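**Q** Here are the chains, one letter per residue:
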Amino acid sequence: NAGVTQTPKFQVLKTGQSMTLQCAQDMNHEYMSWYRQDPGMGLRLIHYSVGAGITDQGEVPNGYNVSRSTTEDFPLRLLSAAPSQTSVYFCASSQQGVSYNEQFFGPGTRLTVL
Amino acid sequence: AQKITQTQPGMFVQEKEAVTLDCTYDTSDPSYGLFWYKQPSSGEMIFLIYQGSYDQQNATEGRYSLNFQKARKSANLVISASQLGDSAMYFCAMRENPGNQFYFGTGTSLTVIP
Chain A
1 NAGVTQTPKF QVLKTGQSMT LQCAQDMNHE YMSWYRQDPG MGLRLIHYSV GAGITDQGEV
61 PNGYNVSRST TEDFPLRLLS AAPSQTSVYF CASSQQGVSY NEQFFGPGTR LTVL
Chain B
115 AQKITQTQPG MFVQEKEAVT LDCTYDTSDP SYGLFWYKQP SSGEMIFLIY QGSYDQQNAT
175 EGRYSLNFQK ARKSANLVIS ASQLGDSAMY FCAMRENPGN QFYFGTGTSL TVIP
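Respectively, the protein sequence lines represent chains A and B. Each step along the first sequence adds one to the number in my numbering, with nothing skipped, and position 108 is 108. Counting the second sequence from 1 gives a position; my numbering is that position plus 114.
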């Protein structure tokens, strides 16, 4: 099992550019989520999905879009990058619904917006 | 209100000593799960330990134990016999049941001193 994979590992964008962060999992998990991690702020939820075709907003959704066409994939799109979106992005997945299922995290994407 | 509060931004511990990392949580659900994750300087998120709200005993995993005080809504992580490799960020998280969303604290940076 590869677990949760994310690409790219590093990315530098210019203000106004768009891009997609890729996330895939091979554990057949229904629940997938995207977080951003900034110093002193922990992990903040951007968007999440409880299954194919179902997505919802988290704490900090502005400037990001997601879609979930398959169970495996959950890409995060930055529509028009801003310096405030410089951060480390983590994708995570877990079984849905019950509290004892831990989240499995991808290795993260370090994004810099100039 | 914050769902998860970690009040110690940074902690130091002598090698081979025990250390307690604090975590308090806020929920009105009777069923929930509490998690601790470790994030070393390499950046990956590593699951350490889980405690369910109905578990009668404190969870233990090797040198990690969770001091669960339900009435006080605290779930402190205890690391015994600290090692240099324990130097990392530690995050407390909660998942309510039923539900999917994980709530994370802002983390505690632990430094183990030789």
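Calculated directly from the structure, the hints in this document are not laboratory data. Keep in mind the model is a prediction, meaning the values are calculated, not measured. For each residue, glycine too, the CB sits at the ideal point set by N, CA and C. Check each hint, because a few of them may be wrong.
As the list claims (entries may be wrong) - So the derived label-pair ranges between C-beta atoms look like this:
id, chain 1, residue 1, chain 2, residue 2, range
1, B, Ser156, A, Arg44, 14 to 24 Å
2, A, Asn28, B, Gly124, 20 to 30 Å
3, A, Ser69, B, Gly157, 22 to 32 Å
4, B, Pro228, A, Glu59, 36 to 46 Å
5, B, Gln116, A, Ser67, 45 to 55 Å
6, B, Glu129, A, Gly51, 41 to 51 Å
**Q** So, for every hint listed, does it hold in this structure?
**A** Outcome of the hint check:
1. B:Ser156 with A:Arg44: 14 to 24 Å: For Arg44 of chain A against Ser156 of chain B, whose Cβ atoms are near 21 Å apart, the range 14 to 24 Å holds.
2. A:Asn28 with B:Gly124: 20 to 30 Å: The hint (20 to 30 Å, Cβ to Cβ) is violated, given that Asn28 of chain A and Gly124 of chain B are roughly 39 Å apart.
3. A:Ser69 with B:Gly157: 22 to 32 Å: 28 Å, holds
4. B:Pro228 with A:Glu59: 36 to 46 Å: Holds, since Pro228 of chain B and Glu59 of chain A (Cβ atoms, about 39 Å apart) stay within the stated range.
5. B:Gln116 with A:Ser67: 45 to 55 Å: Since the Cβ atoms of Gln116 of chain B and Ser67 of chain A sit about 30 Å apart, the hinted range of 45 to 55 Å is violated.
6. B:Glu129 with A:Gly51: 41 to 51 Å: 46 Å, holds
In summary, the numbered hints that this structure violates are 2 and 5.
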